[in-house]
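Trainee: Take a look at the letters that make up each chain.
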Amino acid sequence: MSDLHNIQAAGKGGFEPRIVAIFCNWCTYLAADLAGTSRIKYPPNARVVRVMCSGRVDPQFVLDAFASGADGVLIGGCHPGDCHYQEGNYKTLRRVELLRRVLAAMGIEEERFRLEWISAAEGDRVRVVMEDMVAKLKALGPLELEHAAVIHGSGEVSREETALAGEEVAAR
Amino acid sequence: MPDQNGSVRIGVYVCHCGSNIAGIVDCKAVADYAAGLAHVAVARDYKYMCSEPGQELLAKDIQEHKLNRIVVASCSPHLHEHTFREAVLKGGLNPFFMHMVNIREHDSWVHLNHDPATGKAKNLVSGAVRRVARQRALEKGSVDIHPDVLVVGGGIAGIHAALTLANAGKKVYLVERQPTIGGHMAQFDKTFPTLDCAACILTPKMSQVKAHKNITLWTYSDVQKVDGYVGNYSVKVRKRTRYIREDLCSGCQQCIEECVYKQPKFYDEFNQGLGKRKPVYLPFPQAIPQTPVIDPETCIMFKSGKCKKTCVEACERGAIDFELKDEEVDIKVGTIIVATGFKAFDAARVPYYGYGHYPNVYTSLEIERLVNASGPTSGHVVMRDGKEPKSVGIIHCVGSRDENTNRWCSRVCCMYSLKLAHLLKEHTGAEVFNFYIDMRTPGKGFEEFYQRLLKEGVHFIRGRVAEVTDWAYDPSEEGKLVLRVEDTLLGMVRRIPVDMVVLSVGLEPHKDAQEVRRLFNITCANEGWFLERHPKLAPVNTFTDGIFLAGACQGPKDIPDTVAQAGAAAAEALALIDAGCIEQEPNTAYVIEEHCSGCKTCVPLCPFGAISFKSEVNKAEVNAALCKGCGTCVAACPSGSLQQHLFEDDEIFEEIEGVLAYV
Chain A
62 MSDLHNIQAA GKGGFEPRIV AIFCNWCTYL AADLAGTSRI KYPPNARVVR VMCSGRVDPQ
122 FVLDAFASGA DGVLIGGCHP GDCHYQEGNY KTLRRVELLR RVLAAMGIEE ERFRLEWISA
182 AEGDRVRVVM EDMVAKLKAL GPLELEHAAV IHGSGEVSRE ETALAGEEVA AR
Chain B
2 MPDQNGSVRI GVYVCHCGSN IAGIVDCKAV ADYAAGLAHV AVARDYKYMC SEPGQELLAK
62 DIQEHKLNRI VVASCSPHLH EHTFREAVLK GGLNPFFMHM VNIREHDSWV HLNHDPATGK
122 AKNLVSGAVR RVARQRALEK GSVDIHPDVL VVGGGIAGIH AALTLANAGK KVYLVERQPT
182 IGGHMAQFDK TFPTLDCAAC ILTPKMSQVK AHKNITLWTY SDVQKVDGYV GNYSVKVRKR
242 TRYIREDLCS GCQQCIEECV YKQPKFYDEF NQGLGKRKPV YLPFPQAIPQ TPVIDPETCI
302 MFKSGKCKKT CVEACERGAI DFELKDEEVD IKVGTIIVAT GFKAFDAARV PYYGYGHYPN
362 VYTSLEIERL VNASGPTSGH VVMRDGKEPK SVGIIHCVGS RDENTNRWCS RVCCMYSLKL
422 AHLLKEHTGA EVFNFYIDMR TPGKGFEEFY QRLLKEGVHF IRGRVAEVTD WAYDPSEEGK
482 LVLRVEDTLL GMVRRIPVDM VVLSVGLEPH KDAQEVRRLF NITCANEGWF LERHPKLAPV
542 NTFTDGIFLA GACQGPKDIP DTVAQAGAAA AEALALIDAG CIEQEPNTAY VIEEHCSGCK
602 TCVPLCPFGA ISFKSEVNKA EVNAALCKGC GTCVAACPSG SLQQHLFEDD EIFEEIEGVL
662 AYV
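Protein sequence lines, in the order shown, are assigned to chains A and B.
So that you can map any letter, position 50 of the first sequence is 111 in the numbering used here, and since no number is skipped, the others follow by simple counting.
So that you can map any letter, position 359 of the second sequence is 360 in the numbering used here, and since no number is skipped, the others follow by simple counting.
Hints in this document: simulated from the structure, not taken from any laboratory.
Don't take each hint at face value.
Residues from chain A that face chain B, not an exhaustive set, calculated with beta carbons under 10 Å [what the hints assert, rightly or not]:
no.	residue
1	Glu77
2	Asn86
3	Tyr103
4	Arg117
5	Asp125
6	Tyr146
7	Glu158
8	Arg162
9	Val189
10	Met191
We put the beta carbon where it would ideally sit given N, CA and C, even for glycine.
Required output: the full structure, derived from the provided sequences and hints.
Mentor: So, in structure tokens, the structure goes:
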């Protein structure tokens, strides 16, 4: 326990990486729930966004996260063969391989982007991955992204400009 | 309804969950922070949001403050999303204008320090506030529930579930892999702690299954394929051939009598190999159905093709046909109960107990057959060397509570060991020693049974046996099996010589549990037991709607618990059937036609065939009834013309950017 205290306390002065974690509803999100009900402790750096399947992860989500200040992005899905939707995670795997090349070309270190298969039963695996990723990101330091604006530009530009007027929202 | 005054007005509610959240997260600070976010009209922290007053607070605020979006920061949406959607609906708002933030399981329960945990909660709330502003009103779809039920596994769990459903007037298909139903319970002699004869209480239920007009029983069959979704499952079942036609067989067993093998000489599965059977056999006298099976592995006709076929001659009804082939049947059901049971631990995996090496070392399941009046020795306890044991050592926790094999407690072994101790003493008058780690008797009448055994003069030695050996130290140990054990109550190492050793083997998931799980699209816990939806509140549900668990496939349990769980699974299935339909999450994909370029990228991505291509207009189309809402196609669409309700691109972008808006 004391090691963990040190990890968390050390962050006060030092660099605390910001992680966006996109977890599938059926395996990794539940694993994180299980970690909670089991009171397993891990570093508080990740912010979980829930999707139904890791197959829903559009590479743009990852780029958007980096452009918006994330130091790392973690995608969590079901183990191969265990996808709640049969094969969504295989599609994720294919996309991720391509995305890695894009990220490398942008100068984003490979440790910053991670895909993990964590089943609903593997609460402790959430801890292991979080601890490892946080440690690696701390070693790397903050992401210095010179071309953040470029990434943003490739995203949905119009969204930024859309005022949230009631009619417009309702009209969608 | 959403925007009476034309603007987004968000209410944010931060739950303390008693001290579960508030003990780590400063809920007031999170609410204060939320109050300053764009479009937030009301932000509160509250002791228990899921309580009646908490829900009323939500509904009242929606009315009074004209809220049209709600964020609840509390526990996992898997626990209370339903609750808060209902509360929002009561306030007169579409329930899909609500988004939950998980600051308990994902925050207060997993972090130790207040400031980082509070900061995390703020980020998560910020993401939710930005997301919920984009959310749309949605209507839940509904699918009809086919009233028929498939029960997989014909042990006591499957039997009880099938009978419960059939008695309620539902059509049930009961599929069992073995040639007979009955499962492990049929192999037991007596049941603890009441010492009821297992066969006496089980076989009437087995006959009821066979006779019930609402039950279609397929034994010697297995499920090959499961497609579809809750209410509408298409299942392919393979009926393996017995080479004896069930519809013609009268169960007279003349074929067994007249087999060219005059004496049984093959391994008898039902009796754990302690007895022998012929190539044509009935597993046990009360087997259901009463149709024998021809085992092609041992039958001369299949091995050499040269047999006098005396069985065929003996069968007056001409039921035997060596040309019969396996059959496949397709059925439609609305719900499925998985009751596939367990496998007994293979005692040979702990070599230091000498199973398979010393003939007088037995497993508990073998003893069940040995003490049984219809067993291979007609209930006379004689060892493999032909002698009656004068002393017996029963070793508990073989393949349970052991770092080297299985870590879990198998729950039934202490009690069945006590039962076997009683039965062995009763049958032979032998001196019986129980070697236990802890005596676990938590059940109705269990502790009383233990006390009874203590009075009966059974010896109890607390300690894990180190080894079973035939190496005698002195003449008193000659010809005996010696158990070396540290008696932890006496604090000394002892050597106990006995004639017979019984290994109380634990319960394990079936070897093919992983394949079975994939077949039904359900989850296994780490150990391989099927995972229930919630350990306390949904113990028979799985994460796949319409598929339920019963019995030891979910974890080791005794007969009363198995029957109770089977009844619960049947009740869950009945609840669905009688409702007639189930509401479905409206998280399906849809096509924005004007943006679709007709590239067909999405079409092959869907494993459910929900996407079709309309060639006349050159656009893709999603069939909402087939779409299961994974969103894989949405992520792949190059033009952004595929979207997913509840998980729209803009909603997710907002959430990502929101959680990164650090304060």
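Trainee: To test your reading of the hints: which numbers does this structure violate?
Mentor: 7, 8 and 9
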